[in-house]
Amino acid sequence: MDNEEVGKPVADYFGISKKTPKVLAFTGSDDGRKFLLDGEVTVDNIKAFGEDFFEDKLKPFLKSDPIPESNNGDVKIFVGNNFDEIVLDESKDVLLEIYAPWCGHCQALEPTYNKLVKHLRSIDSIVIAKQLKEQQMVMPGHRESNLQKELNRHIPTAAAFGGMYIGALTVLADFMGAIGSGTGILLAVTIIYQYFETFEKERKLKFCFNFFQIGSNYWMASATPISKDVDPPVGRSTLLIVYVGLAIGSSFCVLARATLVVTAGYKTATLLFNKMHLCIFHAPMSFFDATPSGRILNRASTDQSAVAYTAGVILPTPVATCQYWHRSLNPKKLIDVGFSQLGARMTMSRTIKLYKLPESTVTPGFRKMEIHDVPAVTRLIRNYLSHFIVAPDFDENDVEHWLLPRENVVDSYLVESPESHEVTDFCSFYTLPSSILGNANYSNLKAAYSFYNVSTATPLLQLMNDTLIVAKQKDFDVFNALDVMQNETFLKELKFGPGDGKLHYYLYNYRVRQALKSSELGLR
Numbered sequence: 006m007d008n009e010e011v012g013k014p015v016a017d018y019f020g021i022s023k024k025t026p027k028v029l030a031f032t033g034s035d036d037g038r039k040f041l042l043d044g045e046v047t048v049d050n051i052k053a054f055g056e057d058f059f060e061d062k063l064k065p066f067l068k069s070d071p072i073p074e075s076n077n078g079d080v081k082i083f084v085g086n087n088f089d090e091i092v093l094d095e096s097k098d099v100l101l102e103i104y105a106p107w108c109g110h111c112q113a114l115e116p117t118y119n120k121l122v123k124h125l126r127s128i129d130s131i132v133i134a135k136q137l138k139e140q141q142m143v144m145p146g147h148r149e150s151n152l153q154k155e156l157n158r159h160i161p162t163a164a165a166f167g168g169m170y171i172g173a174l175t176v177l178a179d180f181m182g183a184i185g186s187g188t189g190i191l192l193a194v195t196i197i198y199q200y201f202e203t204f205e206k207e208r209k210l211k212f213c214f215n216f217f218q219i220g221s222n223y224w225m226a227s228a229t230p231i232s233k234d235v236d237p238p239v240g241r242s243t244l245l246i247v248y249v250g251l252a253i254g255s256s257f258c259v260l261a262r263a264t265l266v267v268t269a270g271y272k273t274a275t276l277l278f279n280k281m282h283l284c285i286f287h288a289p290m291s292f293f294d295a296t297p298s299g300r301i302l303n304r305a306s307t308d309q310s311a312v313a314y315t316a317g318v319i320l321p322t323p324v325a326t327c328q329y330w331h332r333s334l335n336p337k338k339l340i341d342v343g344f345s346q347l348g349a350r351m352t353m354s355r356t357i358k359l360y361k362l363p364e365s366t367v368t369p370g371f372r373k374m375e376i377h378d379v380p381a382v383t384r385l386i387r388n389y390l391s392h393f394i395v396a397p398d399f400d401e402n403d404v405e406h407w408l409l410p411r412e413n414v415v416d417s418y419l420v421e422s423p424e425s426h427e428v429t430d431f432c433s434f435y436t437l438p439s440s441i442l443g444n445a446n447y448s449n450l451k452a453a454y455s456f457y458n459v460s461t462a463t464p465l466l467q468l469m470n471d472t473l474i475v476a477k478q479k480d481f482d483v484f485n486a487l488d489v490m491q492n493e494t495f496l497k498e499l500k501f502g503p504g505d506g507k508l509h510y511y512l513y514n515y516r517v518r519q520a521l522k523s524s525e526l527g528l529r
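The numbering of the sequence shown is the numbering used here, which starts it at 6 and goes up by one.
Simulated from the structure, these hints should not be mistaken for laboratory data.
Don't be surprised by glycine CBs; every beta carbon is placed ideally from N, CA and C.
Misleading hints may appear alongside valid ones.
Label-pair restraints from in silico Cβ distances [to be verified]:
(1) R355 / V517: 24 to 32 angstroms
(2) Y223 / A274: 36 to 44 angstroms
(3) P369 / G343: 35 to 43 angstroms
DSS-like, lysine-lysine: derived pairs with alpha carbons at most 25 angstroms apart [unchecked claim]:
(4) K373 / K522
(5) K337 / K373
(6) K451 / K507
(7) K62 / K81
(8) K522 / K507
(9) K97 / K64
(10) K497 / K361
(11) K500 / K522
(12) K358 / K337
(13) K373 / K361
(14) K338 / K64
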């Protein structure tokens, strides 16, 4: 109870309040059952409680809403305290809905669920149940409550059935759940509803078929004389006409039943295919158009005959291997999260002072790249990269696509001469954040990675120092760089430290006689 975010949720989970002391036992196993001492807290009661716990005589404690006073409707409402009675009744097959009021899939499922209930309510062996909508089943900080664990232990799918008609549909729910739990359950119950809607029509046709079959047999038995000496009750033509009519009716029922099954099967298969197509293909294909990483992969697959790729592991065979270097921008945070450590005979204040940067850039004409700068930057980069053995061949479309600034993706700056207004220098870096786990103070690490840098009029050391200042102003925690191109000339001077990771470069459909030096590689 000491902390609203930690203590209170845990206390609520175990049913603990400020009013009275609580004695409880917790199994600590996968089922996560807990047992609460009911009564006065005395030595004798605690002793008896412990003995009953080890002998498995106690009833598990479940945090539950009150059992509804009236529960006689078509849909049974279940809470924690009547879960065993309704859901785990072995004499019944159970259709169970887990409802979350904030869940879009649950809201979309509700009308279909209610329609399905109308077709199932006449079957005595089936119970339709749903969770009380106001019930809070999941507490903050915990993935599932005891009630959900009880459900998962006994019923592996959210839509669980038994019986000859719908037992196999649990497999469908599991399969679709693997694609996406919300979509899977919605699709499974939709198909189940269509099945029972078809089954209802089929049952009527089957009744008509049986009527015609029995009617034709009864007609032949009643209209045929028992011997040749007895006059028939009807004429021969009437006998045949009625019999043929009954036979045609029976045949029509068989045809209609077969048509219904084929039509329902086709509609169900179409629904299943369309939903699966949307789930499996639509989202991944959208990824290739809507995200920076997807666009990179899409481009790589298009230009695969001449594409380069990198990996942190050795594959046959790298054309170059480069070293990662790191420059602290927020040393206190990096040390707190374990990214780096205090040096020997260094204090935190001395470390912060060591990596401190000026408040503003010093290079005249240093500004952010804009769309009208693309032609000038393209000429600058093409001329610079022509000096390296392996380098990309940038055109204006490439520069606009890869290097034009985009928030939280890439940042690019240039130096424009105050006198001639000519673009003389260029620097860039891209953003790659990481999540921090298990730290109470920080949840993410914002890292900048050096991209392409070109220096003609401004010393590269000064240009990169201004780049570090800009990255610090944008709240980056660390600036990373590889020792490719001319980066080695500024790494140590600007207090970069070597990392423990290496990056290996590979080329599709190419090989080299010997590995390139990092300084011979114009590729980032």
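Taking the hints in turn, this is what the structure says about them:
1. R355 / V517: 24 to 32 angstroms: With Cβ atoms ~46 angstroms apart, the hint is violated.
2. Y223 / A274: 36 to 44 angstroms: Once the Cβ atoms are compared, 40 angstroms apart, the range 36 to 44 angstroms for A274 and Y223 holds.
3. P369 / G343: 35 to 43 angstroms: holds (40 angstroms)
4. K373 / K522: The hint is violated at about 32 angstroms.
5. K337 / K373: Distance ~29 angstroms between K337 and K373 Cα, so the pair is violated.
6. K451 / K507: Roughly 20 angstroms between the alpha carbons, so the hint for K451 and K507 holds.
7. K62 / K81: Violated. K62 to K81 sits at ~29 angstroms, over the 25 angstroms cutoff.
8. K522 / K507: holds (13 angstroms)
9. K97 / K64: holds (23 angstroms)
10. K497 / K361: holds (15 angstroms)
11. K500 / K522: Answer holds: K500 to K522 is near 23 angstroms, not above 25 angstroms.
12. K358 / K337: holds (11 angstroms)
13. K373 / K361: With Cα atoms ~23 angstroms apart, K373 and K361 stay inside 25 angstroms; holds.
14. K338 / K64: violated (48 angstroms)
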